[in-house]
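Engineer: Sequence:
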Amino acid sequence: MSEPIAEIVLSLDEVHALALRVLTHNGMSDAHARAIANVITQGQRDECHSHGVYRLLVCVRSLKKG
Numbered sequence: 001m002s003e004p005i006a007e008i009v010l011s012l013d014e015v016h017a018l019a020l021r022v023l024t025h026n027g028m029s030d031a032h033a034r035a036i037a038n039v040i041t042q043g044q045r046d047e048c049h050s051h052g053v054y055r056l057l058v059c060v061r062s063l064k065k066g
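For what it's worth, the numbering used here labels the leading residue of the sequence shown as 1, then goes sequentially.
Hints are computed from structural coordinates only; laboratory data are not their basis. Keep in mind that a hint or two might mislead.
Said to hold, decoys possible - Pair ranges (Cβ atoms, derived):
1. 49 - 26: 19 to 25 Å
2. 11 - 57: 17 to 23 Å
3. 4 - 35: 33 to 39 Å
4. 38 - 9: 16 to 22 Å
Don't be surprised by glycine CBs; every beta carbon is placed ideally from N, CA and C.
Work the whole structure out from these sequences, hints included.
Structural biologist: So, in structure tokens, the structure goes:
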């Protein structure tokens with residue numbers, strides 16, 4: 001059995017692209033998705049984890065609830 005991945009490392013450009021893709025795929029407009037992706041990327045850069053990639057989970061949950 002293989003060992004689980006302990007950590008995934010993404011560049012800030014990859015974080016931004018991921019956030020943008022996830023948000024638009026879940027129904028957010030391009031303009032809003034770009035703004036939120038910027039905030040998520042900045043949060044990740046600044047090591048403010050509650051406003052980094054983790055925030056994507058909250059955004060998607062809100063989009064799905066309507």
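Engineer: Run every hint past the structure and note whether it holds.
Structural biologist: Results of checking the hints against the structure:
no. : hint                : in the structure
1   : 49 - 26: 19 to 25 Å : holds, 21 Å
2   : 11 - 57: 17 to 23 Å : holds, 20 Å
3   : 4 - 35: 33 to 39 Å  : holds, 34 Å
4   : 38 - 9: 16 to 22 Å  : holds, 20 Å
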